[in-house]
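So the chains spell out like this:
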Amino acid sequence: MKKLICIACPVGCHLLVDDQLHVEGNKCIRGEKYAIEELTHPTRILTTTIKTTSVTTPRLSVKTKDPIPKELIFDVLHLLEGLIIDKDVKIGDVVIHDILNTGIDLVATKSVTINPFH
Amino acid sequence: MYDYVIIGAGIVGTNIARELSRYKANILVLEKENDAANHQTVANSAIIHSGHDPKENTLKAKLCVEGNILYETMEKELNIPILRTGAFVVAHDRNEEDMLDQLYQRALNNGVKEILFHDQSQAQQIEPNLADDITKVLSLPSTKVTYPWEVAFACLENAIHNGVTFKKNSRVTNIVKTEDFFNVEINDAEIIQTKSIISAAGIFSDQVAYLLEENVPYQIFPRKGEYFVLDRKAKGFINHVIYPLPTKKGKGVLIIPQVHGNILLGPTSQLQDEKDLLSNTRDGLNQIKNDLHTLAKNIPFNLIIRTFAGIRASSSYEDFYIQESKEFSNFFHVAGIDSPGLTAAPAIAKYLVNQLVDKHHLKENINFDPIRPKKTVFYKLNFEEQLALIKKDPRYGNLVCKCEKITETEIVEAIHGPLGNDTIKGIKKRARAGSGLCQGGYCEQTVLKIIARETNQPINKINYYGLNTPILVQETKVKP
Amino acid sequence: MKKDLVIIGGGAAGLAAALSANHPNIHILVIEREKSLGGILNQCIHNGFGLHVFKEELTGPEYADRYLEAFLKLNIEFLLDTTVVDVKKTDDFELTVTSYETGLFKINSKAVILSSGCYERTRGSIAIPGERPKGIMPAGSAQRYLNIDGYLVGKRIFILGSGDIGLIMARRMTLEGAKVLGVAEIMPYSNGLTRNIVQCLNDYDIPLYLSHTVTNVIGKERLEQITIQEVDSNFNPIEHTEKIFDVDTLLLSVGLVPDISLFDSLDFKRDPITKSAVVNQFYETSVSGLFICGNALHVHDLVDYVSIESEKAGKSAQNYILNDRKQSNHLHTIKFNENIRYIVPQLIDFEHLEANIDLSFRVSKKMEAAVFKIIQNGTEIMTKRAKNLAPAEMEKMSLKIDKLIDDSPITLLLEEVSL
Numbered sequence: 001m002k003k004l005i006c007i008a009c010p011v012g013c014h015l016l017v018d019d020q021l022h023v024e025g026n027k028c029i030r031g032e033k034y035a036i037e038e039l040t041h042p043t044r045i046l047t048t049t050i051k052t053t054s055v056t057t058p059r060l061s062v063k064t065k066d067p068i069p070k071e072l073i074f075d076v077l078h079l080l081e082g083l084i085i086d087k088d089v090k091i092g093d094v095v096i097h098d099i100l101n102t103g104i105d106l107v108a109t110k111s112v113t114i115n116p117f118h
Numbered sequence: 001m002y003d004y005v006i007i008g009a010g011i012v013g014t015n016i017a018r019e020l021s022r023y024k025a026n027i028l029v030l031e032k033e034n035d036a037a038n039h040q041t042v043a044n045s046a047i048i049h050s051g052h053d054p055k056e057n058t059l060k061a062k063l064c065v066e067g068n069i070l071y072e073t074m075e076k077e078l079n080i081p082i083l084r085t086g087a088f089v090v091a092h093d094r095n096e097e098d099m100l101d102q103l104y105q106r107a108l109n110n111g112v113k114e115i116l117f118h119d120q121s122q123a124q125q126i127e128p129n130l131a132d133d134i135t136k137v138l139s140l141p142s143t144k145v146t147y148p149w150e151v152a153f154a155c156l157e158n159a160i161h162n163g164v165t166f167k168k169n170s171r172v173t174n175i176v177k178t179e180d181f182f183n184v185e186i187n188d189a190e191i192i193q194t195k196s197i198i199s200a201a202g203i204f205s206d207q208v209a210y211l212l213e214e215n216v217p218y219q220i221f222p223r224k225g226e227y228f229v230l231d232r233k234a235k236g237f238i239n240h241v242i243y244p245l246p247t248k249k250g251k252g253v254l255i256i257p258q259v260h261g262n263i264l265l266g267p268t269s270q271l272q273d274e275k276d277l278l279s280n281t282r283d284g285l286n287q288i289k290n291d292l293h294t295l296a297k298n299i300p301f302n303l304i305i306r307t308f309a310g311i312r313a314s315s316s317y318e319d320f321y322i323q324e325s326k327e328f329s330n331f332f333h334v335a336g337i338d339s340p341g342l343t344a345a346p347a348i349a350k351y352l353v354n355q356l357v358d359k360h361h362l363k364e365n366i367n368f369d370p371i372r373p374k375k376t377v378f379y380k381l382n383f384e385e386q387l388a389l390i391k392k393d394p395r396y397g398n399l400v401c402k403c404e405k406i407t408e409t410e411i412v413e414a415i416h417g418p419l420g421n422d423t424i425k426g427i428k429k430r431a432r433a434g435s436g437l438c439q440g441g442y443c444e445q446t447v448l449k450i451i452a453r454e455t456n457q458p459i460n461k462i463n464y465y466g467l468n469t470p471i472l473v474q475e476t477k478v479k480p
Numbered sequence: 001m002k003k004d005l006v007i008i009g010g011g012a013a014g015l016a017a018a019l020s021a022n023h024p025n026i027h028i029l030v031i032e033r034e035k036s037l038g039g040i041l042n043q044c045i046h047n048g049f050g051l052h053v054f055k056e057e058l059t060g061p062e063y064a065d066r067y068l069e070a071f072l073k074l075n076i077e078f079l080l081d082t083t084v085v086d087v088k089k090t091d092d093f094e095l096t097v098t099s100y101e102t103g104l105f106k107i108n109s110k111a112v113i114l115s116s117g118c119y120e121r122t123r124g125s126i127a128i129p130g131e132r133p134k135g136i137m138p139a140g141s142a143q144r145y146l147n148i149d150g151y152l153v154g155k156r157i158f159i160l161g162s163g164d165i166g167l168i169m170a171r172r173m174t175l176e177g178a179k180v181l182g183v184a185e186i187m188p189y190s191n192g193l194t195r196n197i198v199q200c201l202n203d204y205d206i207p208l209y210l211s212h213t214v215t216n217v218i219g220k221e222r223l224e225q226i227t228i229q230e231v232d233s234n235f236n237p238i239e240h241t242e243k244i245f246d247v248d249t250l251l252l253s254v255g256l257v258p259d260i261s262l263f264d265s266l267d268f269k270r271d272p273i274t275k276s277a278v279v280n281q282f283y284e285t286s287v288s289g290l291f292i293c294g295n296a297l298h299v300h301d302l303v304d305y306v307s308i309e310s311e312k313a314g315k316s317a318q319n320y321i322l323n324d325r326k327q328s329n330h331l332h333t334i335k336f337n338e339n340i341r342y343i344v345p346q347l348i349d350f351e352h353l354e355a356n357i358d359l360s361f362r363v364s365k366k367m368e369a370a371v372f373k374i375i376q377n378g379t380e381i382m383t384k385r386a387k388n389l390a391p392a393e394m395e396k397m398s399l400k401i402d403k404l405i406d407d408s409p410i411t412l413l414l415e416e417v418s419l
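Protein sequence lines correspond, in order, to chains C, P and U. Following our numbering, the numbering of the first sequence begins with 1 at its first residue and continues without gaps. Following our numbering, the numbering of the second sequence begins with 1 at its first residue and continues without gaps. Following our numbering, the numbering of the third sequence begins with 1 at its first residue and continues without gaps.
Read the hints as simulated data drawn from the structure, not as lab findings. Backbone N, C-alpha and C define an ideal beta-carbon position, used for all residues, glycine too. Please note: incorrect hints may appear among the correct ones.
[Said to hold, decoys possible] Residues of chain U placed beyond 12 Å of chain C at every Cβ, according to the derived structure:
1) 24
2) 75
3) 92
4) 243
5) 244
6) 299
7) 407
8) 408
[Unchecked claim] Not the full set, but computed from the structure, chain C residues with beta-carbon under 7 Å of chain U:
9) 2
10) 3
11) 5
12) 12
13) 45
One chain only, chain C, in its complex shape (with noise of 0.2 Å):
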């Protein structure tokens, strides 16, 4: 049996599932949709940073377009190190094409200009 609270409105049922995926506890049906995606293929929006050249905006954030396999934060965070942005970035661009195959790119989140003095 898990338990999960549900975060699909601010109600926050508290739910229980079993291993036949049978969802109780939850007051509509979107709970239940929610109780079974958590507990099988889970997927967060990952919004974290990437190292640029610019000296006033050292850091650029970003984030994924589009909610990706919980168990590949770690993964994705890891491909960020020691990636460095050294060309300007308009919010919207596409940073990373189809991050690690999952088919979702990465995009800017704000815009960066690398040298503010052209």
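Given the structure of chain C, go ahead and fit chains P and U onto it with the hints provided.
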């Protein structure tokens, strides 16, 4: 070969260094921490006492009253901040009023010149927030308040200006006397030679003395005092230093307006074993809150921005121990300097140095310059003065600490001054950035970057205070 | 320099206010002390912003960018790296302003919007006992060092306070290679969103210690150890419940305070609960022409509500300047019962009932189900049912002015009901 090595760059050691630099001598000040003024000097009430409290005919009494007067000259020569608050000692009933009379008499005997009484209504008029049940107060107009580490810095800067050498991060680990001089070992490594040693090592005085002597004639008993700090917004709530009647434990919990507008509440008095455990405790802080109700009403506890604790170097000797060693000539103890140490410090220096002048036939240093130039505190100037300064140095336009209004130039000066420092807390001690309402929440990161720029270091090498206290511990997103 | 409107602070509140105050006949100047606009959003790189305003889930910088783009298109004047140092009021406002670039100078302005955000409560202000080594820091400061400068402030972390900033930092520090040993919360429930409990704590097996607080700090120069203890219903530590953690960093997420000290000399009426100014439905203070919005007015949990509120404040300032609308004497304080902690605005100006009045408030305790009633002159003029109320989540209610029966004071009652 030095003539004098002074161990300890606290309020006492720095005053002695300055006083000694009036004479021709090769002087070195050693300090084990990463800055001058670290222990008692930065954790006390900041009061320049009148001299009503020390027992008659003690060095404490004599040097307290002398020191109080010497601060007048030091203010002009060293440009240190002094707030002339005056003080009230308060009584609540006939019993306490009798004790006030005794204090009055003692003050007179100690040589305190200005001293008078106020009755309940006079006292209430002057200080409307005094507790309602106070029936009589003893007024001590000569009580003042200063900024203790600024005084120590000022003395040491002036001493350096007059030829004294200062070495920080230099802990004395051994002392050996040869025929004519001492070998002073620093950090278990370097040896320095000196004809005389003056030990002004505060709470560590007995430990330092034991490096040399077989029988040190005093023992230091660490006595902790806890405090609350109220924000500058509390200014005006009480304008005098308020003392309860003293007890065996000491002067009691006080209300102490500070030079920059803050108010200190405290200290407690708690003997302990450890010399370096400066923790605040729930009990200690609760005691302060409880004791204060006998002194004042409407206390703005909601304006507390900080708590701290200090350790007093109380000693078994019970008076200041300022004497030459009985075992080794030319080793001078300046020990057991607890309250009124801050007040007495300049007088302690003269008292000791006068003896040295006689004993060692010291000649005057005709080049001695007593003046330490006034520091620019930008937001104390008027608008026209500010405009003129900004024209010369636009960094005055960059406001770094918003709470206390400290500019970039003042921080740069604190980094590069004759007693410059490159740590966050060192800059806070000198320029006050981080001392206000948000306690550096906003400006610490700016100060850190300015220090890095000015000292050509990467930002992750900048320390909070001690040598191995970097704020930024690990860079992210780099290959491990 | 003469302006019609100076907006102090170019973050979420200031930008929204500027957009709505904008008018061809009004000279606006936004003054921002950082080197870029956007305020605290710039360092909030996580998700969860914009669900109300944009119906999208955005990160902090993305939300800021939406407003920034609109702002820059309007060519409204702004100054960066510039701080307001002093404010005086005679007929208009005289601000003293400073920056490295332009030096020290004065600006006169008809109206001022204060959108200067909050500062974080410190260790000292809550008197955490123990020694005072390096390593104790507000969570927001650690967030800035991490997300803007790219450095961890420690490797073994404990967090005091389970509000969203504490929870977000628990995850953030873990993702960047630190070990977060726990989060302590003095209340018996967390203040943060359930989603953050799940995705910031549960995901990383970080324990949450409810009804606990830090009771000791050990370390001479660097933090070495903290002790937490359970507390009773009076928040006093319970003996023999000590838990010790070997850490090098204690992050504090123990509350935000409106940053309005600049205006202390102006002597406006204050609300001791919000720790900011008392305002009317136009977000105007008791000082004519001084408007406050965003976190400077009261601490928000959703930036969307900051934007909505600040838009109104901007419009109000515009109205004040163009139509010389001055606050009337016909002001009534909105009364409320003990289930409500505070309400903004605190006052209604009955002479200028122009639009529906947005009431923002926080409840005093958690309630599963409750009913709001607005009473005027003994009559219930509005009711609204609500579920899952919590002090940590700001509530809103729109008071429709056509429901008002006269110009007597109104009372907001919150009554708990059973489900």
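The hints, checked one at a time:
A cut-off of 12 Å between C-beta atoms confirms that residue 24/U is not in contact with chain C; the least separation is 29 Å. A cut-off of 12 Å between C-beta atoms confirms that residue 75/U is not in contact with chain C; the least separation is 19 Å. Non-interface call for residue 92/U relative to chain C: holds, since the shortest CB-CB distance, roughly 36 Å, exceeds 12 Å. At roughly 23 Å from the closest C-beta of chain C, the C-beta of residue 243/U stays outside 12 Å, upholding its exclusion from the interface.
The Cβ of residue 244/U sits about 28 Å from the closest Cβ of chain C, beyond the 12 Å cut-off, so the non-interface label holds. With a least beta-carbon separation of about 19 Å from chain C, residue 299/U lies farther than 12 Å from that chain, consistent with its non-interface assignment. Residue 407/U, annotated as away from the interface, keeps every beta carbon of chain C farther than 12 Å; the closest lies near 37 Å. Interface exclusion of residue 408/U from chain C stands, the closest Cβ pair being 35 Å apart, more than 12 Å.
This hint is violated: residue 2/C has a C-beta 12 Å from the nearest C-beta of chain U, more than the 7 Å allowed. With a cut of 7 Å, the hint placing residue 3/C at the interface with chain U is violated, because the nearest CB-to-CB distance is about 10 Å. Because the smallest distance between the Cβ of residue 5/C and any Cβ of chain U comes to about 6 Å, under 7 Å, the interface hint for this residue holds. A distance limit of 7 Å between C-beta atoms decides the matter here; for residue 12/C the minimum to chain U is near 4 Å, and the interface restraint holds.
Satisfaction of the interface hint for residue 45/C is found here, the shortest Cβ-Cβ separation to chain U being roughly 6 Å, below the 7 Å cut-off.
The structure shown violates the earlier hints numbered 9, 10.
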